[in-house]
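J.: The primary structure of each chain is shown beneath.
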Amino acid sequence: MKELLSELSSAWGPSGEEGQVAALVRRRVRGHVDTVAADVLGNLVARRRGKGARVMVAAHMDEIGVVVSHVDPRGFVRFSNVGGVMANLLAAQRVRLKSGRVGVVMEEERGNKEDQKLDRMYADFGFESAAEAARHVRVGDVACFDREPVVQGHRFVGKALDDRVACAVLIEAARRLKRTPNDVSLVFTVQEEVGCRGAQPAAFALDPEVALAVDVTLTGDVPECRPMAVSLGAGPGIKVKDGGHIGHPRVRELLLRLARRLRLKHQLEVLALERASTDASVIHKVRAGVPSGCVSIPCRYVHSVSEMVDLRDVEGAVRLVVAFLETDLRKAGF
Amino acid sequence: MARPGAFPWELFEALSNARGVTGDEGPVRRLLRDYLAPHADRMEVDAMGSLLVEKRGRRTGARVLLGAHMDEVGFMVVRIEKSGALRLQKVGGLDDRLLAGKRVRVGPQALPGVLGAKPPHLGQEEEASRTVKLEDMYADIGAADEAEARAHVRVGDTVTFDAAFEPWGAALVRGKAFDDRVGCALLAALVAGPSPADFVAAFTTQEEIGLRGARVAAQRFEPEVAVALEGTGAVDVPGKRLAALGAFPCLGRGPVLTRRDSTTISDPRLFELFERAAAAAGVRWQPKRPGIGGTDAGEYHRAGPGARAISVSVPCRYIHAPAALAARADIEATLELVRAALPKLAALQRPGGTPRENS
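Going line by line, the protein sequences match chains A and B.
In the numbering used here, each residue's number is its place in the first sequence (first place is 1) plus 2.
At position 312 of the second sequence the residue is numbered 303 (the numbering used here), and the sequence of numbers has no breaks.
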C-alpha cells in the first residue's frame, strides 16, 4: 500500500490533465477487472461484470494546482488556481509542469502581507527571458504541487492524497475482491476539484443503481481547529452529510453494519463546510437519482502540499469497500 | 446585398439593439427566427425558450452542437415606489461603478428612463467617494407618482441599457449586448451559409444567470462535440497592475480560444483542432485568460455521457456595460475560423461510445 500510494501521490495530474494518473491506474488494475475503458472526458471505468445490481464506486484522479495566465517580459509566470488552492499555503512552495520543469512560487515583495492573493504571486521557473519561457510554457498550461511523499510510522504525508489515497483504495479493493454478485464499476474520475465535472457524465453513462464515492475528509483533531468529530487513525468515515450530499440512509446503515461485522474501527462523518463535497454530490442526482454513500479517509491539511493520512484508516477503507462490493446489493434492496 | 456567407452586419446591428434580458429573450428570438427560416432544415423553440435549429450538411458524423446565448445582462423592476421611482434588481453580472446616470429602457414598451441616485452634495463626505450600489438607485421614467408609473410598468418588467449600435471609427463597432449577440450573429451566418456537415445551432436562453437554457438544449441533443460562440471581455486597457498580470485578450488580434475558464476545461483535441484550423486558414488567434468567466460550454460538456467542448469568442471591450467595442476584423476572422473548423468537428466522435454501450 505504501508503495502504491507513493506512486499515486507523486503522479502528475491537475484537473483536466489526468492522463498520467489514468495510465498508472490502468497498469495497476490490469488482471483484476474484466474491462477498462476511458470516456470522452477521461474518466476511467474499471469493470467487474456481474448479473446483480449496477454499482459505481468513484475516486477522483485529479489534484488541485495552478494554471498559467500570463508570462511576463522577463519570463516570470503569473497564474490562477485550479480548484481550491489556498494562497496562504502556496508561497515558497514548488510547482511542476507536465514537462517536469519546476517553478518556485513567491509573493511580490511589495504589497500587503495580510492580503494574500494569487494575483500577488508569481512562479519562477528559472527562465532568463520571455523567449526562453515561450519554449517551455504557454497560457493555459497547468502545474501541480511538487513534493515527495514521506512515511513515518502509520502516517503517510504527501501531495494529492486528495484523492489519490482513494484511487489506491479502489485499486487495492479490485485486487482483493474475489467474488461479487454485483455489476461493479470502479470509476476513476476526472475534474472533481473544479466542480465534480467528470463524475456526472460517467454516472449518466453507467446508470448505477447504487453508488459510493471514496474521498478524503477533514479532521477535528489538530490544535485550534473547527469542531469536527473525525480523527486521524480512528478508522474510515461513513458519511452522514457534507456541503453537497447527504449519505443515503440505507447505504449509510449498510456500511455501518458491515463495519461492525468486520469489527472495523470507523466513525460517522459530518463535514460542516458549505462548499466541501465529493463526487457523490453529483452522482446522487443523475437521471432519476442514485442512492449514494461516501466512505471517507480522514486527512489533515487537505489542499496543502503535505496532506496527512493514517495508513490504518486506509486499510480500513479498503476492507469496508470490499465488504460493500461483496454484499448482494440487490438483496440489500438496491 | 451581402455576399452569401459573409458576416451579416445588419443582423448583428438589429440583434445588438434588440432588448432581451435573461428570461425575456423574445425579441431576439423573433429576429433570429425570421432571419433563419429560409435556411433551417428544422426549427423549434423548446421549453426554456431556446431556439433550436437543425442544419443538414453534406456529411454526417459526431453530433455537433454550436451554441450562442440570446440573453443579455440587465435589470428587473422589483418595486414601484410611491414617488413613481422604480427599484431594480440586477439580472446577471453588472458592475455598480458603471450604473448611476445611465439611460435605460423599461418594460415591453421600452419606456426611456435614467438610473438615478442621490446627488453627492446631499450626503456625508465619505458617501461622495463611495460607489453607489444599485440598491440605492432607482430607474426614473419621469412618472409623477406611483399611479402614473403603474400605468406603464409592472413588477417583473425587464430593463435594458439604452444604447444604439453604431460604427466607431472605421475599424470598430459600438453597442450593447455584444455578449452574446455577436455569437448569435456568427451562428446565424453559419446556418445561413453552405454547411459542410450536419449541426445543431442552439440559440440559448438564461446563460447570464447560470447556463440554464444550454443545459436543457444539451440534455435534449446530447452532443458529442460542442462549441460555444461568445463575446468575451477584452482587457487591453491602461493600468500598470493589469500590465503585470497580462492585459489580454486584445481588440484586433483575432478570435479568442479558451483552454480553461471557470466552467469548462476545453477538450484538448478540440482545442488543437481549432489551432490547426486557424493556422491552415491563416487566422491569427489569441488565448483567453484562464480561470475567469464561464460559458454555455460548462453545460454542454457534462450533458449525457459527456462531450468535447470549447468556447470561441470575439474579444469585446466593456462587455456587461452599455457600450461595448469590438473590431470588425475580429468578428470576421472568428467567422472564418469557425467555418474552417466546422467540417472537421464531425470526426471527433466519442471514444467507443459510452462505457455501457461497450459491454
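One thing to keep in mind: the hints can contain errors.
[Unchecked claim] Simulated coverage check for chain A against chain B, where a stretch passes if three residues somewhere in it have a Cβ under 8 Å from a Cβ of chain B: (1) 41 to 48; (2) 89 to 99; (3) 140 to 152.
[Claimed, not checked] Some chain A residues well away from chain B (every beta-carbon gap over 10 Å; in silico): (4) Ser17; (5) Val69; (6) Val73; (7) Asp74; (8) Gln118; (9) Asp121; (10) Glu134; (11) Ala136; (12) Arg137; (13) Leu179; (14) Glu226; (15) Arg259.
[Stated by the list, open to error] Listed below are the simulated SDA-like cross-link pairs for lysine to any residue, each with C-alpha atoms no more than 25 Å apart in a straight line: (16) A:Lys243 <-> A:Leu313; (17) A:Lys119 <-> B:Leu233; (18) B:Lys109 <-> B:Ala119; (19) A:Lys100 <-> B:Glu266; (20) A:Lys287 <-> B:Ala28; (21) A:Lys4 <-> A:Ala325.
Keep in mind that the hints were calculated from the coordinates and are not lab data.
The C-beta atom is built at its ideal place from N, Cα and C for all residues, glycine as well.
J.: Which constraints among the numbered hints does this structure fail? Numbers only, ascending.
T.: Result: hints 2, 4, 5, 6, 7, 9 and 20 break, sorted rising.
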